[in-house]
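Q: Work out the full structure: start from the sequences and follow the hints.
Chains as they are written, first to last, in this note's numbering: chain A, 1 to 279; chain B, 1 to 394.
Honestly, the hints are just simulated from the structure, not real lab data. Among the hints, a few may not be true.
As the list claims (entries may be wrong) - EDC-like mimics (lysine to aspartate or glutamate), calculated; alpha carbons at most 20 Å apart, straight line:
no.: 1; chain 1: A; residue 1: K31; chain 2: B; residue 2: E286
no.: 2; chain 1: B; residue 1: K336; chain 2: A; residue 2: D16
no.: 3; chain 1: A; residue 1: K274; chain 2: B; residue 2: D128
no.: 4; chain 1: A; residue 1: K29; chain 2: B; residue 2: E289
no.: 5; chain 1: A; residue 1: K80; chain 2: A; residue 2: D28
no.: 6; chain 1: A; residue 1: K83; chain 2: B; residue 2: D303
no.: 7; chain 1: B; residue 1: K131; chain 2: A; residue 2: E243
no.: 8; chain 1: B; residue 1: K336; chain 2: B; residue 2: E156
no.: 9; chain 1: A; residue 1: K222; chain 2: A; residue 2: D190
no.: 10; chain 1: A; residue 1: K269; chain 2: B; residue 2: D128
no.: 11; chain 1: A; residue 1: K86; chain 2: B; residue 2: D377
no.: 12; chain 1: A; residue 1: K25; chain 2: B; residue 2: D128
no.: 13; chain 1: B; residue 1: K131; chain 2: A; residue 2: E239
no.: 14; chain 1: A; residue 1: K31; chain 2: B; residue 2: E289
no.: 15; chain 1: A; residue 1: K29; chain 2: B; residue 2: E253
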Amino acid sequence: MAVNENLKKLVDQMPDPDSRRMFTKDMDKEKIERAVAEIFKGGAVNFQGLIDILGVPGSAENVKPHYALHCVLNHALIVKDEKARKTFCEILANALGGDYPDYTKAYFCQELQWAGRDEALAALGRTLESDTLCDPAAMALVTIGGDGAADQLRRALPGAEGARRLTIIHSLAALADPKAAGDLEKALGDDDLEVRIAAGTGLAAIGDARAVSALLKAADGKSGWERIQACKNCFVLAENLVESGKASDAKKLYEAIAKWNGPQEQHLKEIAQKALASA
Amino acid sequence: MATTAAAGTAAMIVPRNVLGQGQTPPSEEFTGALIGCGGRGPGTFKGMGPNVKQVAWCDVKYKDRADGKQYYTDYRHVLERADIDLIAIATPPGWHSLISIAAMEAGKDVLCEKPMTRFISEARAVADAEKRYGRIYQIGTYGRFSGNRRIRKIFESGLVDKLDTVLIQRGGKKVAQWSGMVQYDVRDVPESLDWDMYCGPAPLRPFNPHRNGGSHRGYWDYDGGGLGDMAHHHLDRFCYEYGRDMTAPCRIEAHAPPAHPEATGMWGWIEFTYPDGFVFVMDSGEWGEPYNRKEQKGLSEADILATLSEEDSEKVKAMPEPEPLVSFPDAIRTRKQAGGHAEASHRVAMLYHLANVAIRSGRVINFDPVTEHVIGDPEADRIVNQPMRAPWRV
Numbered sequence: 001m002a003v004n005e006n007l008k009k010l011v012d013q014m015p016d017p018d019s020r021r022m023f024t025k026d027m028d029k030e031k032i033e034r035a036v037a038e039i040f041k042g043g044a045v046n047f048q049g050l051i052d053i054l055g056v057p058g059s060a061e062n063v064k065p066h067y068a069l070h071c072v073l074n075h076a077l078i079v080k081d082e083k084a085r086k087t088f089c090e091i092l093a094n095a096l097g098g099d100y101p102d103y104t105k106a107y108f109c110q111e112l113q114w115a116g117r118d119e120a121l122a123a124l125g126r127t128l129e130s131d132t133l134c135d136p137a138a139m140a141l142v143t144i145g146g147d148g149a150a151d152q153l154r155r156a157l158p159g160a161e162g163a164r165r166l167t168i169i170h171s172l173a174a175l176a177d178p179k180a181a182g183d184l185e186k187a188l189g190d191d192d193l194e195v196r197i198a199a200g201t202g203l204a205a206i207g208d209a210r211a212v213s214a215l216l217k218a219a220d221g222k223s224g225w226e227r228i229q230a231c232k233n234c235f236v237l238a239e240n241l242v243e244s245g246k247a248s249d250a251k252k253l254y255e256a257i258a259k260w261n262g263p264q265e266q267h268l269k270e271i272a273q274k275a276l277a278s279a
Numbered sequence: 001m002a003t004t005a006a007a008g009t010a011a012m013i014v015p016r017n018v019l020g021q022g023q024t025p026p027s028e029e030f031t032g033a034l035i036g037c038g039g040r041g042p043g044t045f046k047g048m049g050p051n052v053k054q055v056a057w058c059d060v061k062y063k064d065r066a067d068g069k070q071y072y073t074d075y076r077h078v079l080e081r082a083d084i085d086l087i088a089i090a091t092p093p094g095w096h097s098l099i100s101i102a103a104m105e106a107g108k109d110v111l112c113e114k115p116m117t118r119f120i121s122e123a124r125a126v127a128d129a130e131k132r133y134g135r136i137y138q139i140g141t142y143g144r145f146s147g148n149r150r151i152r153k154i155f156e157s158g159l160v161d162k163l164d165t166v167l168i169q170r171g172g173k174k175v176a177q178w179s180g181m182v183q184y185d186v187r188d189v190p191e192s193l194d195w196d197m198y199c200g201p202a203p204l205r206p207f208n209p210h211r212n213g214g215s216h217r218g219y220w221d222y223d224g225g226g227l228g229d230m231a232h233h234h235l236d237r238f239c240y241e242y243g244r245d246m247t248a249p250c251r252i253e254a255h256a257p258p259a260h261p262e263a264t265g266m267w268g269w270i271e272f273t274y275p276d277g278f279v280f281v282m283d284s285g286e287w288g289e290p291y292n293r294k295e296q297k298g299l300s301e302a303d304i305l306a307t308l309s310e311e312d313s314e315k316v317k318a319m320p321e322p323e324p325l326v327s328f329p330d331a332i333r334t335r336k337q338a339g340g341h342a343e344a345s346h347r348v349a350m351l352y353h354l355a356n357v358a359i360r361s362g363r364v365i366n367f368d369p370v371t372e373h374v375i376g377d378p379e380a381d382r383i384v385n386q387p388m389r390a391p392w393r394v
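A: Given below as structure tokens:
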């Protein structure tokens with residue numbers, strides 16, 4: 001699509017990088033803000049136009065549009081224009097399905113992480129299927145949060161393998177999504193050590209008493225990094241159970257921890273003993 | 001091989017974590033590892049005290065020399081070693097929370113370079129881990145150790161609830177120096193560098209040498225610009241003296257041009273207002289007009305005592321001064337909390353993190369010091385707690 005000349009002129013009002021290729025000289029706040037507000041006034045046409053004039057990442061021709069895009073999206077937040085924010089984010093979300101380099105699409109994910117809400121969820125969910133964009137899409141979903149984001153991650157899980165599977169389990173854990181508890185419990189037996197640890201982290205964060213035996217089992221017989229992380233998950237679950245009034249379930253964890261004798265676990269044993277003494 | 005080497009060292013020096021809290025090892029010598037061996041690394045390690053024998057070096061640029069005995073690229077393998085008592089961390093700040101927490105989980109004590117973390121939620125997690133595991137944590141800056149304890153005493157009394165105090169700090173933030181590049185070439189990753197591990201919890205970006213090796217400070221992915229580098233130094237003493245490490249500001253306003261999404265850049269001043277009326281200003285002196293809304297005032301011991309009733313003022317005067325702060329070398333020996341412990345350091349770090357939230361969002365930030373979240377601006381609150389790339393978590 002041809003980009004209108006007026007938009008090009010406004011984007012050109014953005015600052016030039018200095019000799020170090022940084023924005024440290026001649027940063028004229030008023031001038032930048034005036035141009036940003038003017039672009040913003042142009043609405044959807046200009047939002048799409050900003051996407052269309054993005055250059056190769058890092059290149060001289062990308063500097064101004066890249067900065068302008070972020071400033072204009074942020075302007076919607078500054079002036080609290082929900083309609084414009086939503087419109088811009090819908091355009092960014094659509095662009096995730098367009099013909100742009102992956103690094104540019106990662107930038108769209110990053111901007112949706114900055115300002116996106118429900119309107120971005122479905123497109124980010126579809127982007128989880130990309131090996132190269134799964135990470136930025138998942139980070140945006142975790143940031144937006146809520147049931148809708150968790151739904152997208154859960155939906156993507158069955159088809160995900162390798163690094164994408166880890167990213168999705170990791171993200172469901174970060175959201176402490178109770179509907180993912182079953183998937184997380186299954187993932188405790190995964191072949192990938194990091195998937196197992198992430199699953200335990202999620203179950204600990206969800207804080208359901210039904211995870212007590214699963215997390216103790218996940219720590220049992222493990223060594224090294226996995227054991228350290230599995231122990232932490234037991235502690236976090238115990239704390240969450242105490243906080244939600246399930247002290248008797250927490251006690252089961254502390255009783256088990258108090259019997260641990262690993263070479264780096266004396267301090268854990270002492271903490272558990274203290275917790276039991278004060279129960 | 002690694003096990004054999006570890007066992008050999010352990011035979012000479014019994015690690016403290018094997019003995020548990022409150023027990024004296026047969027040797028007053030500790031074993032330590034340095035994670036992040038560039039510029040500040042050796043100095044940070046030295047800060048752990050004179051009786052620390054270095055047994056491991058870990059850096060993502062050690063792909064060419066990692067042997068799993070002394071040299072590592074992956075800190076997780078260092079933390080697996082039961083023969084190491086202490087961890088010094090001098091990596092870029094994107095790693096600080098992860099390594100600090102994991103080290104405490106593994107029973108180690110931690111001395112961590114400033115800035116404490118990248119984001120507020122990461123620092124909260126470090127403070128929670130310190131409490132959970134009962135380990136010693138000290139931030140690698142020591143301004144509070146020379147703080148005025150007579151002023152501190154007034155705030156520790158809990159009797160001050162209304163102040164008319166303004167403190168203005170000018171300069172010293174290296175804002176232009178630690179800005180990021182907005183135009184760059186994508187280069188091949190050097191063979192000795194594990195770039196994926198370097199990026200760690202941050203997005204995996206194409207490699208550019210400016211993102212690595214000190215100038216990492218110019219990128220939000222890893223640090224917070226000049227504030228990340230310098231603010232903890234400037235704030236530590238002030239936060240201690242004026243009891244600002246027991247609370248947090250509730251309103252933050254920045255004067256800055258619109259921020260770049262990846263590269264840190266220029267700002268003029270930041271005004272923090274605390275619930276008790278205390279106003280603190282950082283003026284970079286590097287961009288825009290100097291801060292001129294208010295004049296500095298009300299900072300002396302007498303000024304602050306004057307805000308109290310006569311009866312309360314007498315109560316404060318009768319109180320003993322706070323105990324001198326405990327250094328890291330003394331803390332690891334006595335198991336007393338170190339002066340720059342994680343909870344206090346978190347409150348200091350919160351100031352520069354909140355400054356960056358205000359700079360990046362371009363909005364006035366209303367902050368709840370109890371929940372540690374932004375009020376009424378969910379998108380600005382996202383900068384308080386950014387997600388980590390898998391598999392990294394705190």
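Q: For the pair we were handed, K222(A) and D190(A), check the Cα-Cα distance against 20 Å.
A: OK: K222(A) and D190(A) at ~14 Å, within 20 Å.
Q: Can the restraint linking K269(A) and D128(B) be considered satisfied, given a maximum Cα separation of 20 Å?
A: It holds: about 18 Å lies between the C-alpha atoms, which stays within 20 Å.
Q: Is the hinted pair K25(A) and D128(B) satisfied, with a Cα-Cα distance of at most 20 Å?
A: Given pair K25(A), D128(B) is violated - Cα atoms ~41 Å apart, limit 20 Å.
Q: Given the proposed pairing of K131(B) with E243(A), does the C-alpha separation stay at or below 20 Å?
A: Holds: K131(B) and E243(A) sit about 16 Å apart, inside 20 Å.
Q: Are the Cα atoms of K80(A) and D28(A) separated by 20 Å or less?
A: violated, 23 Å
Q: Given the hinted pair K86(A) and D377(B), is their Cα-Cα distance within 20 Å?
A: holds, 16 Å
Q: Take the C-alpha atoms of K31(A) and E289(B), compute the straight-line distance between them, and say whether it is at most 20 Å.
A: holds, 16 Å
Q: If you draw a straight line from the CA of K131(B) to the CA of E239(A), is it 20 Å or shorter?
A: holds, 12 Å
Q: Are K274(A) and D128(B) close enough, with their CA atoms no more than 20 Å apart?
A: holds, 17 Å
Q: Need the status of pair K29(A), E289(B): alpha-carbon distance at most 20 Å?
A: Judged against 20 Å, a Cα distance of about 12 Å means the pair holds.
Q: Holds or violated: K336(B) and E156(B), Cα atoms, limit 20 Å.
A: Given that 20 Å is the threshold and the Cα spacing comes to 19 Å, the pair holds.
Q: Compare the distance between the alpha carbons of K29(A) and E253(B) with 20 Å, and conclude whether the hinted pair is satisfied.
A: holds, 15 Å
In summary, the structure is inconsistent with hints 2, 5, 6, 12 from the numbered list given earlier, while agreeing with the others.
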